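Throughout the sequence shown, residue numbering follows this note's numbering, covering -11 to 484 in sequence.
Heads up, none of these hints are tricks.
Each computed DSS-like pair below joins lysine-lysine, with the alpha-carbon atoms no more than 25 angstroms apart:
(1) Lys31 - Lys123
(2) Lys123 - Lys30
(3) Lys123 - Lys156
(4) Lys187 - Lys210
(5) Lys210 - Lys241
(6) Lys63 - Lys156
(7) Lys30 - Lys156
(8) Lys156 - Lys31
(9) Lys59 - Lys30
(10) Lys123 - Lys63
(11) Lys(-4) - Lys187
(12) Lys241 - Lys253
(13) Lys63 - Lys30
(14) Lys59 - Lys123
(15) Lys59 - Lys31
(16) Lys63 - Lys31
(17) Lys241 - Lys254
Distance ranges between label pairs, derived from CB positions:
(18) Gly178 - Asn81: 49 to 59 angstroms
(19) Gly160 - Thr62: 21 to 31 angstroms
(20) Gly160 - Leu221: 44 to 54 angstroms
Keep in mind that the hints were calculated from the coordinates and are not lab data.
Quick caveat: nothing in here was measured; it's all calculated off a predicted structure.
Yeah, the Cβ is synthetic: ideal placement off N, Cα and C, and Gly gets one too.
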Amino acid sequence: MRSSITGKITTIMISIVAGTILLCWFINTSLLETYYVEHKQKKLLDTFQMADRASQEREVGQDNFSIELEKRCTKSNITMMIISSDHRILQSNVGDNETLLLQFMELIFQVAGQEEEVLENTEILENTEQYVVEKTTDPRLHTEYLVLWGNLQNGNLILMRTAVESIKESVGIANRFLSYVGIIAVVLCGVIIYMVTRKITNPILQLADISRRMTNLDFEAKFQSRGENEIDLLGEHMNQLSETLERTISELKSANNELKIDIEKKTEIDEMRKEFISNVSHELKTPIALIQGYAEGLQECINDDAASREFYCEVIMDEADKMNQLVKNLLTLNQLESGNEQVVLERFDLMEVIQGVVNATAILREQAGITLEMNQEEPVYVWADEFKTEQVVTNYISNAIHYASGEKRITISILPGLETVQVEVFNTGEHIPEEELEHIWDKFYKVDKARTREYGGNGIGLSIVKAIMDSFHRGCGVRNEEDGVTFWFELDHKSQ
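Using the sequences and the hints given, assemble the complete structure.
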């Protein structure tokens, strides 16, 4: 509480109220009596001057003067007596004139007899040639009076007295009353200020909590505005700041994620580039070495007979053809992956394409002793790029021929559906290890490297198939069967 705004404001306001009350009490105690005496002295002088003017104009004793004088004396609580030079009472507002006259005379003669001294019970406040004002204490009643006596211009003596004892009692009463009021005022002030400042500080505390949560990147809390004062305006700006920060951080996170993805892609591309260079170098190294070796043999005429020279030339031509085929496949794959290869969608008979590839590979099947079966002979029309579809079918059937073993049987199945047509190419033979099924679509990946090299493969054919099917936005895959392996792909049966 001592460190809170509410506590500080409440303490300050209570201190101000209490200080004000104490100051009023001090002023009442120390200055009110003096002010009262001066005020009463002025009233005596005003009454004296009024009586002096009346004596000069010979109005003393007239009804108008008597009434006005009575009003003034009654209002100011003044006892007054005008005495002639032969000691006759001309004007008086008291009943016991003789007693008052004796008191006045005694006081006059005491002061006249001791002009240079201040009597024990008397304090002279003002002394002129015409009048004397003094503050005296009645020894019998022990009450203080303010007394004025002097000579009017017509030679008459005027005596006036007013009590000042009541002011002390008034000061005491006022101070006691002020004390009671002050205590109540301090308590009420404390309660009211506390309640008021709580209404002010509660929104500030709410803003402080919102700012604390914002430092922890929690932007759910919102300030509930209740008006249009400065704190509500600050709350609205805090809400706007919270929304802006949340949006900015979200954008930064998105940009950061995109940057991470870009970095990962770059890393992946660098790895692919290194792997690609390594694989290409490896694939080209063998044919280049063979070509160089046999070319040197021809140059040095190691064998002079025609059959040997022809064999050397055939090896050189065969390896050069493999290199040429590798470069062509790489160019085709690069165009497919980069999106530069244009896809021409057209409607064609799929069975006609498959039959063309089957006829083209008939010699290879006969040489390997492989039988081929098809479950479909009627035309099946699809929507795709006919040339690229032929490449896919050629790769699947060539793969099946090279890896067929056991019964050496190839089965081509056409499975028409409502939206797509699925083509499956099955060959009997060894299974592909399960852990390698997902990698066979990678460039230069070879399950059986020795056998691939034996028939001139370079591990790019299935990568080209995958790239072609991606350009068609259609799927392809492979699965192990009980006695062999099935490769499949699908094409659109209807126009989209």
